[in-house]
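Protein chains in written order, with numbering that gives the first Met the number 0: chain A, 0 to 345; chain B, 0 to 345; chain C, 0 to 345; chain D, 0 to 345.
Wrong hints could be hidden among the right ones.
Remember, identical chains collapse to one label, so a pair may be satisfied in a single copy or spanning two.
[Stated by the list, open to error] Computed cross-link-like contacts, EDC-like style, restricted to lysine to aspartate or glutamate with a CA-CA straight-line distance of at most 20 Å:
#, residue 1, residue 2
1, 34, 53
2, 303, 216
3, 303, 225
4, 250, 125
5, 297, 252
6, 34, 190
7, 250, 168
8, 163, 257
9, 107, 300
10, 303, 168
11, 297, 43
12, 34, 137
13, 277, 43
14, 55, 276
15, 104, 224
16, 63, 87
17, 277, 53
18, 91, 27
Note that these hints are calculated values from the structure, not bench results. Predicted model only: the values in this text are computed from it and were never measured.
4 protein chains.
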Amino acid sequence: MIKAGIIGATGYAGNELVRLLTGHPQAEVVWYGSKSYIDQRYADVYQNFFRIVDAKCLDDNMEKMAEEVDVIFTATPQGLCASLICEEILSKAKVIDLSADFRIKDAKRYEEWYGLVHPSPEFLEEAVYGLCEINREDIRGARLIANPGCYPTCSTLAIYPLIKEGLIEPSTIIIDAKSGTSGAGRGAKTDNLFCEVNENIKAYGVTTHRHTPEIEDQLSYAAGEEVLINFTPHLIPMNRGILVTAYASLKRETSYEEVRAAYETYYAGEPFVRVLEKDVFPQTKWVTGSNYVDVNFKLDDRTKRVVMLGAIDNVVKGAAGQAVQNMNLLFGLPETTGLLQIPMVP
Amino acid sequence: MIKAGIIGATGYAGNELVRLLTGHPQAEVVWYGSKSYIDQRYADVYQNFFRIVDAKCLDDNMEKMAEEVDVIFTATPQGLCASLICEEILSKAKVIDLSADFRIKDAKRYEEWYGLVHPSPEFLEEAVYGLCEINREDIRGARLIANPGCYPTCSTLAIYPLIKEGLIEPSTIIIDAKSGTSGAGRGAKTDNLFCEVNENIKAYGVTTHRHTPEIEDQLSYAAGEEVLINFTPHLIPMNRGILVTAYASLKRETSYEEVRAAYETYYAGEPFVRVLEKDVFPQTKWVTGSNYVDVNFKLDDRTKRVVMLGAIDNVVKGAAGQAVQNMNLLFGLPETTGLLQIPMVP
Amino acid sequence: MIKAGIIGATGYAGNELVRLLTGHPQAEVVWYGSKSYIDQRYADVYQNFFRIVDAKCLDDNMEKMAEEVDVIFTATPQGLCASLICEEILSKAKVIDLSADFRIKDAKRYEEWYGLVHPSPEFLEEAVYGLCEINREDIRGARLIANPGCYPTCSTLAIYPLIKEGLIEPSTIIIDAKSGTSGAGRGAKTDNLFCEVNENIKAYGVTTHRHTPEIEDQLSYAAGEEVLINFTPHLIPMNRGILVTAYASLKRETSYEEVRAAYETYYAGEPFVRVLEKDVFPQTKWVTGSNYVDVNFKLDDRTKRVVMLGAIDNVVKGAAGQAVQNMNLLFGLPETTGLLQIPMVP
Amino acid sequence: MIKAGIIGATGYAGNELVRLLTGHPQAEVVWYGSKSYIDQRYADVYQNFFRIVDAKCLDDNMEKMAEEVDVIFTATPQGLCASLICEEILSKAKVIDLSADFRIKDAKRYEEWYGLVHPSPEFLEEAVYGLCEINREDIRGARLIANPGCYPTCSTLAIYPLIKEGLIEPSTIIIDAKSGTSGAGRGAKTDNLFCEVNENIKAYGVTTHRHTPEIEDQLSYAAGEEVLINFTPHLIPMNRGILVTAYASLKRETSYEEVRAAYETYYAGEPFVRVLEKDVFPQTKWVTGSNYVDVNFKLDDRTKRVVMLGAIDNVVKGAAGQAVQNMNLLFGLPETTGLLQIPMVP
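Given the sequences, and given the hints that come with them, work out the whole structure.
As structure tokens, then:
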């Protein structure tokens with residue numbers, strides 16, 4: 000059994016990690032780390048675990064945790080993992096960081112977008128960006144995984160085949176994304192109160208959202224050139240789910256079949272990416288509770304653009320599920336172990 | 000592997016049966032019966048099953064189905080199962096009826112509340128009411144299971160220990176229940192449109208809801224006398240979940256400990272009933288997606304009453320999950336097989 | 000023009016007061032009092048008022064406010080109004096208190112349920128409970144109005160005719176109430192986050208909710224005897240609305256017509272109480288945004304009980320609308336002035 | 000008093016027309032036309048009008064209606080108004096058509112996108128597109144108003160100043176729109192059931208939505224050249240509201256001030272268009288229940304694009320409110336008459 004420790008176990012991503020790892024046949028959570036609920040029973044914070052998890056929350060001592068676990072998940076705000084990480088920890092345990100600390104290779108760029116001086120840039124090169132569908136081989140041998148952001152996961156996977164195959168003009172990419180409210184975390188903020196979110200939709204972080212450089216980096220790697228995009232996230236009155244609607248101009252005339260083939264090239268063997276049938280578009284409800292990414296596209300002959308769409312459960316494939324997928328790779332398990340939950344409808 | 004056929008596979012309960020049986024280690028669905036979607040792929044109706052279920056929907060031919068399956072689930076409106084059932088079918092396959100046809104032993108009472116002449120009253124005596132926590136032994140040997148209604152499951156389990164132990168006055172029982180909208184089914188009715196249900200709450204079936212006699216029967220068996228209740232269901236703007244708030248006068252002065260002990264007497268060993276800790280009350284979200292029933296109570300010294308509360312996921316423990324629990328018992332499997340999903344939050 | 004000041008203008012009830020008073024033909028808000036947003040523009044806190052209200056928030060100085068306004072609304076947590084009120088203020092301005100401070104005549108009872116020592120019990124006798132439909136005449140001449148709580152408004156009006164006419168047994172009254180989340184206020188609490196409330200229903204304050212004694216007092220006045228009830232509120236995933244489902248045993252056999260006549264006796268001339276037609280039950284959406292109270296009842300011959308139902312918009316008739324209705328009475332205006340908004344659907 | 004008749008009074012737009020016209024000081028509804036509810040009381044269909052509207056629904060006889068009313072609103076699916084309209088009707092009553100029949104001047108284009116042969120192309124030239132902010136003068140003298148679609152209203156007003164002033168490249172415009180579910184109407188369709196819409200987001204009509212040519216026409220008039228766009232609508236789990244997020248490349252380097260000035264040029268005197276302050280973006284909740292359009296923009300120096308945002312209540316400014324605004328203009332009333340409802344929060 001893989002022993003897992005979670006820093007930030009009482010956030011929404013932490014809760015989902017506990018759900019997935021508790022149901023995982025070859026892993027178990029042995030350290031429920033928390034800042035706010037130390038010494039309280041985990042099941043008192045998340046009553047869904049009543050009679051399932053008996054443990055109490057412990058502190059966030061990463062060094063001590065590294066001695067007792069095989070893998071550490073950090074599901075905390077940016078800055079924390081990077082401030083705690085060190086060679087000693089990495090020599091004892093694998094680290095899967097769900098924050099943004101090691102996603103952007105350029106420390107200066109990180110600092111510009113996040114407003115934080117990176118506390119441990121020396122680990123940036125070693126860290127592997129844990130988008131399994133693209134970086135599978137590098138992940139297997141890694142010690143430190145930068146678990147991708149929710150929007151970047153969905154955006155990159157929706158666009159990747161077309162930018163990689165050179166079918167779209169990178170400078171024309173526009174990503175309009177919509178997320179359920181669990182992405183905003185469990186912190187007590189007026190903006191996230193039920194009465195503020197319900198019966199409302201808003202854009203936020205217009206032109207400034209921190210996932211922009213992360214998406215740009217991944218698209219740039221695929222394009223082989225620097226890519227700048229517009230990315231606009233929106234807050235939706237639902238708990239879970241991200242839908243990405245992306246637009247780009249085609250480089251040249253192309254057919255449905257050719258674009259379809261591009262998606263098949265990259266995703267035909269992927270266990271979690273489902274390329275939907277023609278004219279069937281992703282909806283978040285069809286992936287809820289699962290690690291699936293549903294993608295599809297539509298060509299517009301009138302405007303010579305392609306619309307690319309993707310849907311994920313932000314808490315699963317956008318956070319905890321992808322983290323477990325990375326764990327499976329790190330420990331040589333079949334990649335889908337413990338991750339074959341069927342989407343729950345309605 | 001147990002071969003299962005589902006009549007009504009394209010309703011919400013049918014969808015959940017497919018989800019649970021597809022994840023069940025010892026069962027498989029081999030017949031997806033439907034009235035409206037014959038010859039269409041099941042995954043075209045329920046896109047969550049894309050790339051998971053390849054089968055097409057078949058018709059609702061129960062006789063033919065009985066020859067090909069070990070167990071038949073009927074997840075259809077009342078009247079259908081009772082009109083199709085016959086000795087020949089029951090001699091070939093077990094039948095678990097999710098409709099109300101065989102829940103009420105008295106055909107005349109069925110006809111009064113449902114406005115239907117019972118098509119096959121000769122099977123009423125044989126049918127076993129599939130509330131596993133209470134009728135476990137009878138279920139094991141049955142051929143025909145009347146899978147309990149969603150409200151009756153939650154109501155009965157919340158009240159059972161107190162009425163069985165004679166702590167409450169049966170004639171004073173009032174049950175005020177609240178249900179998510181999946182309980183209303185997937186039929187296209189104006190009343191169930193998003194804009195009608197959202198930002199609204201209403202009572203329905205006031206004093207006339209058809210689950211009333213079913214609850215009364217179960218409470219009567221427990222009380223050893225005829226029980227009449229008030230039962231008022233309400234429609235809540237959420238997908239899943241039932242919360243029951245039940246009231247009754249205490250027969251005599253009693254203590255928290257004594258009432259607690261009554262719950263423990265009946266539920267201490269139950270895998271799916273969780274008696275919450277003192278002053279922690281059930282919330283539907285803590286059971287979502289799972290087969291758990293969370294119950295608790297509160298004594299009111301001022302009014303000499305007890306408030307009994309219960310929460311279930313109406314689609315799981317209130318329908319498909321309980322049906323699978325019954326299947327497990329019928330086929331000699333551990334009762335929790337395929338049913339240990341952890342509640343999904345948020 | 001009546002000059003109005005609001006203490007607590009930046010809560011949800013405060014916002015609604017501003018909406019109603021801004022649209023009121025004979026009143027205007029001249030003081031937007033706030034604790035958290037002093038010196039910020041009101042329309043920066045509530046952007047719905049952009050280009051409609053230009054004023055900045057002021058502090059909560061009730062004494063100073065009394066010199067500049069004709070009427071003071073206190074839409075604040077309990078304890079504040081009672082700690083600030085004094086003879087001098089009341090000699091200068093009418094005070095309509097939306098908190099619970101002056102609703103319960105017995106200071107000891109207030110202290111037991113609210114856990115606060117009443118800061119100014121000397122005003123309890125003078126204060127008039129502002130349920131206009133019942134206390135209209137006393138309100139006209141008052142200086143200090145205790146604006147009723149949301150649950151007590153809806154509960155009392157649903158039950159009043161039957162208890163007043165002696166048709167029901169007071170000791171059997173059980174009130175099961177359901178409220179939208181705006182009733183929980185705008186404070187940043189984890190429990191009221193979107194992801195905690197959405198897709199969930201829970202009971203709270205079981206047997207201990209503070210509106211219990213307020214309802215009991217009103218029902219006791221009507222019954223002419225002390226009434227103890229069970230009152231259980233529930234939190235519903237919607238913004239606005241309260242639905243009350245109340246139960247009581249009939250004192251004697253009675254007919255639909257007799258009960259109907261009781262409602263007509265008290266409400267035939269009421270502008271805001273709508274007694275629905277037979278077998279049509281209140282739904283919160285039919286009163287949203289309006290000052291209406293929809294009520295109806297159903298007799299149950301089987302159990303000899305009556306089910307009484309009521310629906311209000313908790314922010315309007317349950318708070319700000321009723322406060323304006325009281326203001327109209329205090330200043331000799333037609334009671335419906337500025338309050339004839341038609342319910343908004345969907 | 001202006002006498003108004005409504006064809007399609009029992010849809011959501013019809014209900015809102017009744018709400019607005021009932022509260023309008025100089026208009027009254029004298030004909031509640033309906034196809035499905037003839038001879039039923041209007042308040043039985045929409046219980047919010049109980050005790051407010053006593054009339055029964057009549058049929059949809061437009062000719063007869065024209066003899067009894069001053070203005071006819073057609074709030075019906077496309078095709079109906081165009082099939083009934085004739086010179087005689089127009090000689091007797093003004094017609095405000097809320098369907099798409101007269102919005103697109105080119106009958107062939109209408110037929111391509113709507114799949115209907117236009118039944119009365121002879122009135123296309125006469126019809127005035129009722130976007131009051133742009134076509135105010137033409138509206139005043141018209142007999143037949145094509146009331147704009149919900150998405151086109153919000154999209155056009157968000158983009159208009161920049162395309163009119165030549166600041167953006169028309170061929171780069173991409174409009175990503177999100178709508179509450181009332182826009183889907185009150186027809187009983189499985190896709191619009193609560194459980195299908197709630198906890199879900201989807202795009203629909205990708206590259207093919209019928210509002211595309213309508214928006215393109217309006218932008219083309221403003222640009223003085225033919226404009227083709229990408230337009231993608233999304234269905235959001237909320238009742239009311241449309242949010243538009245539009246993207247375009249700037250023709251040249253420009254400053255915040257210059258763009259701001261463009262908006263001010265066109266909207267400074269507009270009673271219903273609110274240009275928000277810098278970096279404050281539209282949210283649908285701030286306009287709910289009102290006729291306001293909130294717009295704003297953000298320049299992105301990195302990509303040389305501008306993001307333009309707009310929010311409306313689709314039932315008010317996107318349908319019934321705009322229709323009443325047109326009526327006010329047609330009858331020489333102040334444009335805001337009966338339309339100054341303050342947005343309702345929460």
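Hint-by-hint comparison with the structure:
1. With identical chains, the CA atoms of residue 34 and residue 53 are at most 20 Å apart within one copy only, with a shortest distance of 18 Å there and 42 Å across copies.
2. Taking identical chains as interchangeable, the C-alpha atoms of residue 303 and residue 216 lie at most 20 Å apart only when they sit on different chains, with a minimum of 19 Å there against 25 Å within one chain.
3. Taking CA atoms no more than 20 Å apart as the test, residue 303 paired with residue 225 passes between copies only; the shortest distance there is 15 Å, against 22 Å inside one copy.
4. Taking the shortest Cα distances, residue 250 and residue 125 never come within 20 Å of each other, neither inside one copy (35 Å) nor across copies (43 Å).
5. In this assembly of identical chains, residue 297 and residue 252 lie within 20 Å of each other by CA distance solely inside one copy; the values are 14 Å within and 32 Å between copies.
6. For a Cα distance limit of 20 Å, the shortest separation of residue 34 from residue 190 across copies, 18 Å, qualifies, whereas the shortest one inside one copy, 22 Å, does not.
7. Taking the shortest Cα distances, residue 250 and residue 168 sit within 20 Å of each other both inside one copy (5 Å) and across copies (19 Å).
8. Taking the shortest alpha-carbon separations for residue 163 and residue 257, only the intra-copy value of 13 Å comes in at or below 20 Å, while the best inter-copy value is 38 Å.
9. Taking the closest pair of Cα atoms, residue 107 and residue 300 come within 20 Å of each other only across two copies (19 Å); inside a single copy the shortest separation is 41 Å, beyond that limit.
10. With identical chains, the CA atoms of residue 303 and residue 168 are at most 20 Å apart both within one copy (11 Å) and between copies (16 Å).
11. Proximity of residue 297 and residue 43 under a CA criterion of 20 Å is satisfied inter-copy only: 19 Å between copies versus 47 Å inside one chain copy.
12. Within a single copy, residue 34 and residue 137 get their C-alpha atoms no closer than 32 Å, and across copies no closer than 50 Å, so neither meets the 20 Å cut-off.
13. For a Cα distance limit of 20 Å, the shortest separation of residue 277 from residue 43 across copies, 12 Å, qualifies, whereas the shortest one inside one copy, 47 Å, does not.
14. In this homomeric assembly, residue 55 and residue 276 come within 20 Å of each other (Cα to Cα) only across copies, at 16 Å, whereas the closest approach inside a single copy is 47 Å.
15. In this assembly of identical chains, the alpha carbons of residue 104 and residue 224 lie at most 20 Å apart only when taken from the same copy (16 Å versus 45 Å across copies).
16. Proximity of residue 63 and residue 87 under a CA criterion of 20 Å is satisfied intra-copy only: 11 Å inside one chain copy versus 64 Å between copies.
17. For a Cα distance limit of 20 Å, the shortest separation of residue 277 from residue 53 across copies, 17 Å, qualifies, whereas the shortest one inside one copy, 48 Å, does not.
18. In this homomeric assembly, residue 91 and residue 27 come within 20 Å of each other (Cα to Cα) only inside a single copy, at 17 Å, whereas the closest approach across copies is 43 Å.
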